[in-house]
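Chemist: Can you build the whole structure from these sequences, using the hints too?
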Amino acid sequence: MPSAVLNVADFTDEIHPEPVYQALLDKGVLAYQRCDVSNDVFFPPRWLCPVCGSDTYTWERSAGEGTVYSATTLSPRNKEPYVVGLIDVDEGFRLMSNVVGLPVEDVTIGMRVSVQFKDVEDRGAIPQFVKVDA
Amino acid sequence: MSARERELRGSTAVVGVAESMLGEVGPGISSLDLIGQATVAALDDAGLKKSDIDGLFTHSAFFNLPTVTTAEYLGIRPRYTDSTAIGGSSFVADLRHATAAINAGMCDVALITYGSTQRSSSGGLMTSGQVLTKSYESPFKPINPGSGYALAAARHMHEFGTTREQLAEVAVAARKWAQLNPVAFMHDDLTIDDVLNSRMVSTPLTVRDCCLVTDGGGAVIVTSAERAKSLKKAPTYILGAGEAHWNMHISQMPDLTETCATESSKNAYEVSGMKPSDIDVVEVYDAFTINTLLFLEDLGFVKKGESGAFVEGGRIAPGGELAVNTNGGGLSYCHPGMYGIFTIIEAVRQIRGEAGARQVDDVHVGMAHGNGGSLSTQCTAIFGDESTL
Ligand SMILES: [Zn+2]
Chain F
750 MPSAVLNVAD FTDEIHPEPV YQALLDKGVL AYQRCDVSND VFFPPRWLCP VCGSDTYTWE
810 RSAGEGTVYS ATTLSPRNKE PYVVGLIDVD EGFRLMSNVV GLPVEDVTIG MRVSVQFKDV
870 EDRGAIPQFV KVDA
Chain L
3 MSARERELRG STAVVGVAES MLGEVGPGIS SLDLIGQATV AALDDAGLKK SDIDGLFTHS
63 AFFNLPTVTT AEYLGIRPRY TDSTAIGGSS FVADLRHATA AINAGMCDVA LITYGSTQRS
123 SSGGLMTSGQ VLTKSYESPF KPINPGSGYA LAAARHMHEF GTTREQLAEV AVAARKWAQL
183 NPVAFMHDDL TIDDVLNSRM VSTPLTVRDC CLVTDGGGAV IVTSAERAKS LKKAPTYILG
243 AGEAHWNMHI SQMPDLTETC ATESSKNAYE VSGMKPSDID VVEVYDAFTI NTLLFLEDLG
303 FVKKGESGAF VEGGRIAPGG ELAVNTNGGG LSYCHPGMYG IFTIIEAVRQ IRGEAGARQV
363 DDVHVGMAHG NGGSLSTQCT AIFGDESTL
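So the sequences go chain by chain: F and L.
Numbering-wise, the first sequence is residues 750 to 883 according to this note's numbering.
Numbering-wise, the second sequence is residues 3 to 391 according to this note's numbering.
It is possible that part of the hints are untrue.
Stated by the list, open to error - Pair ranges (Cβ atoms, derived):
no.	chain 1	residue 1	chain 2	residue 2	range
1	L	Lys305	F	Ile875	38 to 46 angstroms
2	L	Arg201	F	Gly873	33 to 41 angstroms
3	L	Arg79	F	Lys867	50 to 58 angstroms
4	L	Ser13	F	Leu755	53 to 61 angstroms
5	F	Ile875	L	Glu314	38 to 46 angstroms
6	L	Glu74	F	Lys867	44 to 52 angstroms
7	F	Ser824	L	Val70	41 to 49 angstroms
8	L	Asp364	F	Ala883	54 to 62 angstroms
9	L	Asp190	F	Lys867	37 to 45 angstroms
10	F	Asp762	L	Met250	25 to 33 angstroms
11	F	Ile875	L	Pro29	36 to 44 angstroms
12	L	Asn199	F	Ile875	32 to 40 angstroms
13	F	Asp762	L	Asn199	49 to 57 angstroms
As the list claims (entries may be wrong) - Pairs of lysine-lysine residues, derived as DSS-like cross-links and limited to a Cα-Cα distance of at most 30 angstroms, are as follows:
no.	chain 1	residue 1	chain 2	residue 2
14	F	Lys880	F	Lys776
15	L	Lys136	F	Lys828
16	L	Lys51	L	Lys235
17	L	Lys231	L	Lys51
18	L	Lys136	F	Lys776
19	L	Lys234	L	Lys52
20	F	Lys776	L	Lys143
21	F	Lys828	F	Lys880
22	L	Lys234	L	Lys51
23	F	Lys880	L	Lys235
24	L	Lys277	L	Lys231
25	L	Lys52	L	Lys235
26	L	Lys143	L	Lys178
27	F	Lys867	F	Lys776
28	L	Lys235	L	Lys178
29	L	Lys136	F	Lys867
30	F	Lys880	L	Lys143
31	F	Lys828	F	Lys867
32	L	Lys143	F	Lys867
33	L	Lys306	L	Lys268
34	L	Lys306	L	Lys277
35	F	Lys828	L	Lys143
36	L	Lys52	L	Lys231
37	L	Lys178	L	Lys306
To be verified - Only part of the chain F face toward chain L is listed, based on derived beta-carbon distances under 7 angstroms:
no.	residue
38	His765
39	Glu767
40	Pro793
Calculated from the structure, these hints are not laboratory results.
Every residue, glycine too, gets a C-beta built ideally from N, C-alpha and C.
Modeler: This is the structure:
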């Protein structure tokens with residue numbers, strides 16, 4: 750899938766897995782690693798492929814679309830309720846995120862979602878997901 | 003399973019069990035004091051002296067270097083030390099580790115212990131292990147560990163049609179058992195509607211789907227089967243055990259509806275030569291109601307997806323088809339942060355016939371199953387009385 754391959758140096762001077770991932774998020778890119786040996790996709794970022802153990806990998810750009818695998822609503826006192834979900838991203842990895850932009854009761858398992866980015870103080874951008882209209 | 007592990011079947015036994023003060027112990031009593039209380043009582047139960055202990059196994063969210071801190075407090079210089087830190091299941095894993103150490107001649111009398119004043123100290127859930135590595139979950143503000151279990155419950159409901167009422171059945175059954183246990187924290191009547199109408203914590207789980215926050219400690223003493231025969235009480239033999247972990251974070255769990263209790267129990271069954279229908283009492287770590295459902299499936303008592311229907315109509319309550327969490331569990335008896343050791347204590351008491359009003363008839367084989375993290379670590383142990391050897 751050459752179109753998804755990222756040349757990290759075009760975006761950041763960072764070279765290690767965690768800061769590269771964050772630097773890419775800060776530029777509006779949801780990225781993941783693909784092993785150069787076994788071709789497995791892995792997330793979250795790390796030094797070696799958890800399938801085959803190789804430490805050679807390529808960063809790829811996710812199209813940012815996925816499906817809600819599971820979701821739970823939290824309603825803290827005196828705050829707006831929010832949804833914590835697990836998102837199966839189409840390129841083959843799962844991440845925890847928030848599903849935003851619609852009433853919490855309308856978030857359903859199996860719903861199609863796409864990524865957007867939110868800045869968090871002291872951390873940088875984080876990925877969140879909104880419903881994709883069918 | 004290795005053939006050599008099969009040879010360890012029944013080679014060790016639990017010879018002493020005890021709880022400390024439970025519930026809310028109040029100020030002035032530390033988690034180490036609870037370990038001290040439970041250790042004194044377990045030694046008395048076994049008919050052993052503190053000086054007999056030469057292997058120490060513990061874990062804590064209250065202090066670093068858990069065995070070192072505990073050994074200093076108890077005045078023990080163990081020649082075998084094990085601070086296995088895999089959350090609330092650690093103590094069930096310790097049974098298997100102690101069995102290995104005793105058979106290898108590395109210790110003779112193993113003390114497995116735990117104590118926590120998490121209710122009196124903080125009023126909140128304490129989890130073990132300070133996290134200094136970057137989290138890919140915390141920015142999204144899940145409640146830990148509740149939201150992870152809630153995500154598993156939501157997925158189980160989605161895939162299998164499991165209902166909130168069926169989850170609530172687990173809490174109601176636990177409460178009915180707790181009503182038969184004088185030291186249980188909760189004794190009030192509890193209905194399915196009470197569970198459903200309680201404060202929502204993380205959908206679909208209400209506060210009554212979640213374990214208690216209490217103080218409490220426990221101690222378990224393990225020695226060789228040979229030495230056990232000369233001690234105070236009939237030995238409760240460790241017939242087989244297993245341990246597994248596949249993921250730390252809930253977002254890394256391959257399938258939220260299947261835990262690695264499938265793997266831990268497979269080893270325990272193979273080593274012990276037992277099967278689910280041989281088990282007379284089942285003590286599982288019910289941090290949340292979904293745990294009991296998942297474990298009934300993954301431990302082989304029902305098929306995948308059928309646990310919700312199985313627990314309906316009080317089938318795991320007193321007088322039901324399968325005796326599950328006969329002390330009232332983490333939901334209604336006691337939950338001091340890490341509950342695993344209490345599954346062992348109750349299984350042993352049931353096999354000995356010491357469980358009072360909640361005693362199940364004709365118990366020869368019992369299972370203790372511990373869970374840790376966010377459905378991350380699973381440890382299973384199967385015990386039997388002399389008739390099972
Ligand atoms: Zn690989």
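Chemist: Hints first: check each against the structure and report whether it holds.
Modeler: Evaluation of the provided hints:
1. L:Lys305 - F:Ile875: 38 to 46 angstroms: 39 angstroms, holds
2. L:Arg201 - F:Gly873: 33 to 41 angstroms: 34 angstroms, holds
3. L:Arg79 - F:Lys867: 50 to 58 angstroms: 54 angstroms, holds
4. L:Ser13 - F:Leu755: 53 to 61 angstroms: Check passed, 56 angstroms falls within 53 to 61 angstroms.
5. F:Ile875 - L:Glu314: 38 to 46 angstroms: Since the Cβ atoms of F:Ile875 and L:Glu314 sit about 41 angstroms apart, the hinted range of 38 to 46 angstroms holds.
6. L:Glu74 - F:Lys867: 44 to 52 angstroms: Given range 44 to 52 angstroms: holds, Cβ gap about 48 angstroms.
7. F:Ser824 - L:Val70: 41 to 49 angstroms: 42 angstroms, holds
8. L:Asp364 - F:Ala883: 54 to 62 angstroms: At roughly 58 angstroms between Cβ atoms, F:Ala883 and L:Asp364 fall inside 54 to 62 angstroms, so the hint holds.
9. L:Asp190 - F:Lys867: 37 to 45 angstroms: 44 angstroms, holds
10. F:Asp762 - L:Met250: 25 to 33 angstroms: Between F:Asp762 and L:Met250, where Cβ atoms are some 30 angstroms apart, the hint holds.
11. F:Ile875 - L:Pro29: 36 to 44 angstroms: Holds, at about 40 angstroms.
12. L:Asn199 - F:Ile875: 32 to 40 angstroms: 35 angstroms, holds
13. F:Asp762 - L:Asn199: 49 to 57 angstroms: Holds, at about 56 angstroms.
14. F:Lys880 - F:Lys776: 22 angstroms, holds
15. L:Lys136 - F:Lys828: 26 angstroms, holds
16. L:Lys51 - L:Lys235: 15 angstroms, holds
17. L:Lys231 - L:Lys51: 16 angstroms, holds
18. L:Lys136 - F:Lys776: Judged against 30 angstroms, a Cα distance of about 19 angstroms means the pair holds.
19. L:Lys234 - L:Lys52: 15 angstroms, holds
20. F:Lys776 - L:Lys143: Holds. F:Lys776 to L:Lys143 sits at ~23 angstroms (cutoff 30 angstroms).
21. F:Lys828 - F:Lys880: 22 angstroms, holds
22. L:Lys234 - L:Lys51: Holds - the C-alpha atoms of L:Lys51 and L:Lys234 are around 12 angstroms apart, at most 30 angstroms.
23. F:Lys880 - L:Lys235: 63 angstroms, violated
24. L:Lys277 - L:Lys231: 26 angstroms, holds
25. L:Lys52 - L:Lys235: 17 angstroms, holds
26. L:Lys143 - L:Lys178: 34 angstroms, violated
27. F:Lys867 - F:Lys776: 11 angstroms, holds
28. L:Lys235 - L:Lys178: 29 angstroms, holds
29. L:Lys136 - F:Lys867: 18 angstroms, holds
30. F:Lys880 - L:Lys143: Roughly 20 angstroms between the alpha carbons, so the hint for F:Lys880 and L:Lys143 holds.
31. F:Lys828 - F:Lys867: 19 angstroms, holds
32. L:Lys143 - F:Lys867: Holds, because 14 angstroms separates the two Cα atoms, which is no more than 30 angstroms.
33. L:Lys306 - L:Lys268: Status holds; Cα separation ~15 angstroms.
34. L:Lys306 - L:Lys277: This hinted pair holds, its Cα atoms lying about 17 angstroms apart.
35. F:Lys828 - L:Lys143: Measuring from Cα to Cα gives roughly 13 angstroms; hence the hint holds.
36. L:Lys52 - L:Lys231: Holds, at roughly 19 angstroms.
37. L:Lys178 - L:Lys306: Answer holds: L:Lys178 to L:Lys306 is near 26 angstroms, not above 30 angstroms.
38. His765: It is violated, given that the least Cβ distance between F:His765 and chain L is near 11 angstroms, above 7 angstroms.
39. Glu767: This hint holds: F:Glu767 lies near chain L, its Cβ roughly 6 angstroms from the closest one there, short of 7 angstroms.
40. Pro793: 4 angstroms, holds
When held up to the earlier numbered hints, the structure conflicts with 23, 26 and 38 and fits the remainder.
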